[in-house]
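*Asks:* Sequence:
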Amino acid sequence: MVGNTSLTITSKIIGKLRHEKKYEQELQILANDETKELGKLSICLRYKSNEFQAQADDDIYALQKIYYDVFETDMDTVQQKSEAVERELLKSQKDFLKTMKKLHYLRCAHKQVSYDLGLLRKQKNDFDDENDKLRDKIKQSNDVKEIHIHIDLLKQTDQGIDVLRQKFVQISNKLTFERSVYNELSEHYFHIEQQIQRSKEIQKDIEEVKKAKQLQEFHMHRGEDLIPHIENLKNTIDSQESIIQNLQEHIQTHLKSQDRVTEKDLRVRIEQLQHEKQILTEKERQINEIYKINKGDLNYKQFMEFKKEEKISENPEEIKFFQRKNEKLLREIEELTKELEYINQEADTKRSQVANKNFDVQMDNFDRNQIMFEIERQENAARSLQEQLIISSRKYGQELAELKIKRSLLDNLLEAHELSGKDYI
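Per my numbering, the very first residue in the sequence shown carries number 736; after that it's consecutive.
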């Protein structure tokens, strides 16, 4: 039976396929002259999307079909449609998990196939190299066999012997030439090797210079970053004078704001402070005279005399603290001086004993050297104590300089009391 029929797939049919996933229709089979019906043909078209975006659109459309209307007021209907949507979502999630599992399997398989392919390529290259080597060995072996056969044929005649001699001379000359080339290349190679070693050392030096340059640039940048901080410190140091001035003004203001004392007590206090000032001035003059006489060093006897002089009564706590430190230094100087005198006496005694004693000519040189070593040790100890005495004296001078500073502060207090007394009057 021969007939024909036709089906036109329109956009309407495609839309219906997209929505319903299935399209069925019966078609008539007509004769060639289209006058007689020969039969019927039932067709069934099914829709299946392969692209990801198309599948996503289909899923969205399927959910939209079962989703409830936003204006729906019946909660049962909303719940039923929500459950249907949830079932579709669970189904889609299961499909998604299956697809991801399949994708993971394909990726792992692809990695394994890539690894196996690379391994096979490497094996193929190794086999090719091995085949080339075997082929070269076979070729060399065949060449050697052919040469032996050729030699066996030529040596049977006199003319062949002459040919072999000529070839032997040619091969000998070629060998000599190749050997000379090899020797020349060897010498050139050793020369180049030295140059390469030298170039490596130069490259290493260049790398060290680069590192040093980078380190220097780092320190330069760090110094540049520290410039603002240094300038701030400089400005802070320059502003110390104004801070001290403000502090003095604050002290004066604080003194003025204290409880007013009677005029009689104030006068007594001022006279007492003036007396203490005179005593400190006299002490300073005496100390300067002692320094001038001793050229920067201090004598113990002069210290003792200076110590027995009149002391300042009712000093502030800070001046008393420095007085205690000065007395401690005086005691240390006294002990060091006594020890120095004792060591000097022992050294003089040993020198006199060594000078007055009549040494025997047969006396052992070791005993004499030991005695001289003991004398030198005592002298070194005396010099060391003398240096300690000088250091202690200089330290005492520093303490006296601090006393001068305290005296200037006392002068400021006197001026402040005088000003407060005038204000009171």
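Don't read these hints as lab results, they were simulated from the structure.
One or more hints might be untrue.
[To be verified] Across the chosen pairs, the derived CB separations fall in these ranges:
hint, residue 1, residue 2, range
1, A844, Y796, 32 to 40 Å
2, L838, L765, 45 to 53 Å
3, Y802, A844, 37 to 45 Å
For glycine and all other residues, C-beta sits at the position ideal for the given N, C-alpha and C.
*Asks:* Which hints, by number, does the structure contradict?
*Replies:* none
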